Amino acid sequence: KREELNRIQRRLPSGSLLEEMKQVTDYADPSRTVLLQGFNWNSWEAGRGDWYSTVASKIDMFKEMGITDIWLPPCSQSVAPQGYLPSKLFDLDGSKYGNQASLQALLSKLHDADIRGVADIVINHRCGDGQDSHGRWNQFSSGMTARPSFAGVGDWGGWAVTLGDRFSDGSGENGPGHYDGKFDAAPDIDHKNQKVQQSISLWLRWLRLQVGFDAWRFDFAKGYAAEFVGLYCKKSEPSWAIGELWADMQYDEQGLCHTQDKHRQDLCNWINATDKASTAFDFTTKGILQEACRNCQYWRLRDSNGKPPGLLGWMPQHAVTFIDNHDTGSTQRHWPFPDDKVLVGYAYILTHPGIPCLFWDHVMDWGEDHRCKITKLLKARKEAAIPADAPVNIQCADHDLYLAEVGAPPALRVALGPRAAGDPDRGYWSECASGRDYRVWIHRQPVKEE
1 KREELNRIQR RLPSGSLLEE MKQVTDYADP SRTVLLQGFN WNSWEAGRGD
51 WYSTVASKID MFKEMGITDI WLPPCSQSVA PQGYLPSKLF DLDGSKYGNQ
101 ASLQALLSKL HDADIRGVAD IVINHRCGDG QDSHGRWNQF SSGMTARPSF
151 AGVGDWGGWA VTLGDRFSDG SGENGPGHYD GKFDAAPDID HKNQKVQQSI
201 SLWLRWLRLQ VGFDAWRFDF AKGYAAEFVG LYCKKSEPSW AIGELWADMQ
251 YDEQGLCHTQ DKHRQDLCNW INATDKASTA FDFTTKGILQ EACRNCQYWR
301 LRDSNGKPPG LLGWMPQHAV TFIDNHDTGS TQRHWPFPDD KVLVGYAYIL
351 THPGIPCLFW DHVMDWGEDH RCKITKLLKA RKEAAIPADA PVNIQCADHD
401 LYLAEVGAPP ALRVALGPRA AGDPDRGYWS ECASGRDYRV WIHRQPVKEE
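In this text, residue positions in the sequence shown follow full-length UniProt numbering: the first is 1, and each later residue adds one.
For the record, the hints were derived by calculation from the structure and aren't laboratory data.
Wrong hints could be hidden among the right ones.
Unchecked claim - Calculated cross-link-like contacts (lysine to any residue; reagent style SDA-like; alpha-carbon spacing at most 25 Å):
1. Lys307 with Gly367
2. Lys379 with Arg333
3. Lys109 with Trp159
4. Lys379 with Gln332
5. Lys379 with Pro409
6. Lys109 with Val34
7. Lys63 with Arg426
8. Lys235 with Gln297
9. Lys222 with Asp275
10. Lys382 with Gln297
11. Lys235 with Lys262
12. Lys376 with Asn305
13. Lys376 with Gly435
14. Lys222 with Trp159
15. Lys262 with Ala247
16. Lys96 with Glu64
17. Lys379 with Ala46
18. Lys63 with Leu378
19. Lys109 with Pro409
20. Lys382 with Met65
21. Lys235 with Gln250
22. Lys195 with Gly135
23. Lys382 with Arg371
24. Lys276 with Trp246
25. Lys379 with Arg426
26. Lys109 with Lys222
27. Lys58 with Gly135
28. Lys235 with Phe220
29. Lys276 with Glu244
30. Lys235 with Asp248
31. Lys307 with Val211
Here the structure is a predicted model, which is why all the values come from computation and not from measurement.
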């Protein structure tokens, strides 16, 4: 069915997606999405040229765990092996993660398991593969050879680079820092240019309809205006989208400030500027949660209004919560969650509202016991039917104990910290997951009389 719809849809290059096409990827209840980052910083090397097949070999296990979406690495040919310095956007055979055939085989297998594939979209910058007459690397070729109708799409010159960038030919519109987005490693792309907009929109539609991706993760979203994310989502119509807006949190002489309302307000503003076409990674929750776990400061997990202090406390349906990713953790460790508290972190994000995102390392590289404990938390979330917008009743947020009930009526109860002991009403609650510094209960459903 999907292939037939693809053929029909490709005859409508500028039209909206067919309703049947949209329904093909409506596998998961949007309010109960569970995302897995399906790679780390070194996966290009670990996969020995075909990381896609590595992921494909684990799909049955991921489905059994309850994962609904898998975020895949950047798929275009790139100057850097990790994929974050893309050059020829349409060339999917030049990726260090595998070729286009292997990628499409993976996406097909994901769809067979009712799992969506999320593409990592790197469009803040792009590496030229040719020089202009002044020796600047600002000549870009698309890498598309299979479809004559795409001729010239993605073939750019210096005009596509933001004004003031060292790679610019002087004809772009925005300075590279105009949206707090100066990126020194590669030319910054001028998204106000209509040719750029048309090329990227067509590339995204091609990834969606021809290659088989379902959703987008926008890399380095602070590098260009959120309005363009909204535009590209409108043109390509993904199942959903996520933006990476990683900004500094507020600190004082005591360390991380208790109130991070400005930080999460910036995330809210970005989401609203996309016309709510995209969610955002909840960096606010990550920063607060890892500080609370590291220093036994669980009082941090309640704001002045008695709500969760991150983005999930304000816009839970647009908050993608996470513990670590390829930048913050993995081998880069730019802002890592404390290793010995990772399960406590998962006990929080998997029992709370928002859209939880798991990290490959924690699921696949930290041992079977670690994966089983995460799976138990996932099972608790599923059995309690916790949606992205579930209400949270925080009953305690002391230095050594965080206690909350989630759902209305309460369907799940979680305790974090060294004081996370003692049983609640056993007639109502049944313990389903526990470990060092965390315990989780779900509502014990009454036995129906026959």
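Here is how each hint holds up against the structure:
1. The hinted pair formed by Lys307 and Gly367 fails the criterion: a straight-line CA distance of about 34 Å is larger than 25 Å.
2. Distance hint between Lys379 and Arg333 is unfulfilled; the C-alpha atoms sit about 29 Å from each other, more than 25 Å.
3. For the hint linking Lys109 to Trp159, the alpha-carbon distance of about 40 Å lies beyond 25 Å, and the restraint is violated.
4. Taking the CA atoms of Lys379 and Gln332, the gap is near 30 Å; set against the 25 Å cutoff, the hint is violated.
5. About 19 Å separates the Cα atoms of Lys379 and Pro409, which keeps this hinted pair within 25 Å; it holds.
6. For the given pair, Lys109 sits about 18 Å from Val34 by alpha-carbon distance, which is consistent with the 25 Å threshold.
7. Our distance criterion of 25 Å between C-alpha atoms is broken by Lys63 and Arg426, whose separation comes to about 31 Å.
8. Simply put, Lys235 and Gln297 have alpha-carbon atoms about 45 Å apart, too far for the 25 Å limit, and the pair is violated.
9. This hinted pair checks out: Lys222 and Asp275 have alpha carbons roughly 16 Å apart, not beyond 25 Å.
10. With a C-alpha separation of about 28 Å, the suggested pairing of Lys382 with Gln297 is violated against the 25 Å cut-off.
11. Note on Lys235 and Lys262: the hinted pairing is violated, with a Cα-Cα distance of about 31 Å set against a maximum of 25 Å.
12. The hinted pair formed by Lys376 and Asn305 fails the criterion: a straight-line CA distance of about 31 Å is larger than 25 Å.
13. This hinted pair checks out: Lys376 and Gly435 have alpha carbons roughly 11 Å apart, not beyond 25 Å.
14. For the proposed pair Lys222 and Trp159, the alpha carbon gap of about 22 Å is at most 25 Å, so the pair holds.
15. Straight-line distance between C-alpha atoms of Lys262 and Ala247 comes to about 11 Å, which keeps the hinted pair within the 25 Å bound.
16. At roughly 28 Å between alpha-carbon atoms, Lys96 and Glu64 are farther apart than 25 Å, so this suggested pair is violated.
17. The straight-line distance between the Cα atoms of Lys379 and Ala46 is roughly 30 Å, outside the 25 Å bound, and the hint therefore fails.
18. Between Lys63 and Leu378, the direct Cα distance comes to roughly 12 Å. Compliance with the 25 Å bound is thereby established for this hinted pair.
19. Our distance criterion of 25 Å between C-alpha atoms is broken by Lys109 and Pro409, whose separation comes to about 38 Å.
20. With a C-alpha separation of about 10 Å, the suggested pair Lys382 and Met65 falls inside the 25 Å cut-off, and the hint holds.
21. At most 25 Å may separate the alpha-carbon atoms for a hinted pair to count; Lys235 and Gln250 exceed this at roughly 36 Å.
22. At roughly 23 Å between alpha-carbon atoms, Lys195 and Gly135 fall within 25 Å of each other, so this suggested pair holds.
23. Taking the CA atoms of Lys382 and Arg371, the gap is near 16 Å; set against the 25 Å cutoff, the hint holds.
24. For the hint pairing Lys276 with Trp246, the CA-to-CA distance comes to about 18 Å; that is within 25 Å, so the pair holds.
25. Restraint check: the Cα-Cα separation between Lys379 and Arg426 comes to about 20 Å, which is no more than 25 Å; the hinted pair holds.
26. A hinted pair counts as satisfied when its Cα atoms are at most 25 Å apart, and Lys109 with Lys222 does not qualify at roughly 33 Å.
27. Only pairs whose Cα atoms come within 25 Å are accepted, and Lys58 paired with Gly135 is rejected, the gap being roughly 46 Å.
28. A hinted pair counts as satisfied when its Cα atoms are at most 25 Å apart, and Lys235 with Phe220 qualifies at roughly 20 Å.
29. The suggested pairing of Lys276 with Glu244 holds, with an alpha-carbon distance near 14 Å, which does not exceed 25 Å.
30. Only pairs whose Cα atoms come within 25 Å are accepted, and Lys235 paired with Asp248 is rejected, the gap being roughly 31 Å.
31. Between Lys307 and Val211, the direct Cα distance comes to roughly 42 Å. Violation of the 25 Å bound is thereby established for this hinted pair.
In the structure shown, a violation is registered for the earlier hints numbered 1, 2, 3, 4, 7, 8, 10, 11, 12, 16, 17, 19, 21, 26, 27, 30, 31, in ascending order.
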